[in-house]
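Chains as they are written, first to last, in the working numbering: chain F, 35 to 259; chain P, 7 to 293.
In case anyone wonders, no lab produced these hints; they're calculated from the structure.
This list has only true hints and no planted wrong ones.
What the simulated footprint calls covered on chain P by chain F, stretch by stretch (three residues with Cβ under 8 Å from a Cβ of chain F suffice, anywhere in the stretch; the number is not a length): (1) 70 to 81; (2) 90 to 102; (3) 115 to 122; (4) 138 to 146; (5) 152 to 165.
Beta carbons: idealized from backbone N, C-alpha and C, even for Gly.
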Amino acid sequence: MDLTTLGGQLLGIIPLGDIVLYVTTFNLFMSVAALVFTVLIAMSRTEKQVEAQFGTLNDREKKVSKDEFKIRRFLSIICGIATAGAMITGDLFNFTLFVTLIGIVNIGIVSAVKEVDVLDSAFQYGIIAMLATLPLFGGAALILGTTGTLSMLEIVNIPTTAMMLFGSILLFIGVAGESGVAPFFATKAEMFRTAGSPFLVIIHLSSLLVIVRAIEILLIINKPF
Amino acid sequence: MNLMAEILLNVLIAFFIGSLLFGLQRKVMARIQMRPGPPIIQHLLHTLKFFIKETVFPKTAAMPFYVVITLILMAIWVAAVIIGPVTHGPLLLLFAIFAIHKIVEHNAGSSSGSPYGKLSCVRAVFSAAAELPLFAVLIIIYLKTGTMDLAGIIAYQDAHGALLLSIPLTALMFIVLIISKSYYFSPFNITLAKDIISGFETEHFGTLRGFIMMSESITWYMLVWIFLTVFIGGLSPIGYLIGMVIVTAVIGLINAITPILNPNHSVMAEVTLAFIGIVGSIAMIYI
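Just chain P, with the same shape it has in the complex (with noise of 0.2 Å):
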């Protein structure tokens, strides 16, 4: 196929997936807590909504970055799109694009001049302090397979099974970080928590929305993806159809049935996880 082609249907297929998993996420916890919930396109239609709403830019915003911080957000995943499933590139190019995200998080709350996006932006900082590390247990991937070229990582794990077995800690540190990016009532997601009203995208509005959360959806199934590539390996599509409908239900049975936790204990939750993870994981390799 011709690869601008491929690229866009990648894309494509990460946003509709990405949105029906968050759909899917909500379902998930309403039905824990009795309660019937949204459809599953629900997340969907909420995103397509905003692009037929009217723009409006608070007076107050830092232009011009207040609007190019959105297609920043898009651009980064669109780049994670083209890395991971199209070219099975390097994972530490993941890792730089999931620390750029940490300073779109931050930029989009503080462009804004609201109370709760600047909120959001600290809170941004600090939570980087815990979902870098968190990212970075992926660096124990290389220390096991010897590469850090996610086309060389499938090919490790075709010859020694999958990764979930081996490092199972460093597996549940990169949950942990799944967990944190989840868009609905996560213990760990303090940057868009209900107590800052939207956090960074309360002050969006219209198409600038749209594009954030149309970007929230490709970076869900990014996530989930790296998830499944690197711990279990390549898988058919529709063998990962089935994992990240898994792993998504899994994560909103954890959301549903946790207490959204404050910055502090979030990021020492995470900071500690992390710690656990990549000292447990070593040793597990070297010992």
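Only chain F is shown next, with the shape it has when bound in the complex (with noise of 0.2 Å):
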């Protein structure tokens, strides 16, 4: 098996030092398209939610402040630039390290938000956060103790064992609770009713395309071949 058995045809790879990236057609097209979202994310407005009141013909209009606006947008960028890094990195222990980096500032958009559900809900997520880092890089160590490297270039060469296979199933634990799918997503659905859609979309996007990314991994891991 190779790396274009998955991803198709292998485009180039950028060698830094330790950190070799690769870049398939799948990683390419990825990382292109977190950088679009977050390219757009810089440049958008919010929109303004309005609601109906009881009681009277008037409007409820929910804004984003511009404080909460800038720190927001802010870490919705790195949000997106560390996706991107995600989708693009040959390297087990960046990919583990971005996808920490996504479930920290994902907490941090959510929580600049005052409102109480909303805030309850990112404390929910943050605690799932921290505890999926356990298994996240404990399974990246014991695929490192297992193979002898992080490089997914070498690991797509190494036999399968039954460690790896475990690791892979931490790792894969890892990145759900870091993310925040199925089975851990009921904690994140309330952060998605607040104002601020450009910033909510990043949160969205990232646990999507991390979790894309983590099936190619898982195979690059476990080959059935």
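From the two separate chains plus the hints, produce the assembled complex.
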């Protein structure tokens, strides 16, 4: 098996010392998609949520204040860049670092909102994200201990062992917890009720793209053939 | 044929055939309900109509995201046509495109500031938890065939027979995903359900709505195309057309006789089916 079996044509390798980035059609597409969304988030204004009021004919507008806008936009841009990095990295340890960074800034994007329900949700998500770092780094450490490398370009040529399978299961649990996908999703759904559409989309984008990339990485570690 | 001409031709075919298939689906549903139903070209006319309507922008919208998101939707499905029918590229890339489609649904809903759009946005987040595992059943194809490349999967089926017969559970799960993306009264399409008017489309008008509807026709064409290619093999153009008509008519029948599920029931049903599909298919391959 080689990397092109999964991600299509290998377009190039970028050696940066120990960190080797590789670019297949799949990685490039996802990384560029993350960057395009990041640029749009940097440019975009937030929407105004309009809700009907009971007892009167007036509307209630929910707006994002200027201070809140600035900090959330900054964190969203960091999240977008981290997502793009996670899509293109060829190093398992860097992937886990990017995923952890995504988890931290996701909490930050929502914690800046002054709404009790949203803050509760962010707090619960934060606890799960913190707990998930243990299996995330533990999984990567087991794979390093078993194979002697964290480079996916090398791991793809090493036959799968039971310990690599166990490590990859831990890694997937870590990624699921950090990105807040099912079955940890209930903690995160409330976060999307608040205003600030461009900032919320990066939370969703980072989660889904990281999961798609994690599937590729799991198939690289656990070669069925 | 010149590559650019081939891409353009395939995108146009995807749009026209996808629109007509939606029209067919509506016709089948109407006939089951003892109504004459609209003509089959109605969905196509409906789409084209939006391009000559005035485009207005809500003053609450998050600009420029509100506008650009429709173009992103169009761009990703044009990319899907290039990866699929034109180049027979990697299946994993189509999975990535589907993930971005869910993000577009999310942002198209939330960027308008409308409560209907916002509800659709929250539902898009919920439904992603169900639809992505359903798309992920295609990983089973990799375990079976040893390749993620569409050309390789077609070659495998030429040698070993259609995958529909050897891993039918996987095919069934993918059909559930296709049902969730059918435009008219799908039991699983909670983001466009009529209880939230038109969901994430509600506040997009004129040309923007036209682009969204055009993209949805291409989405339908591509999902059915992926199903036929991955589970039956490379067909002739007539074979694809017949296959698409059959799949669309069957899904029209399903939509006509099933209730529209609420979000929780829809997501739980899809997640359960995805779990059965993944575990069952792996058991069928390795046991």
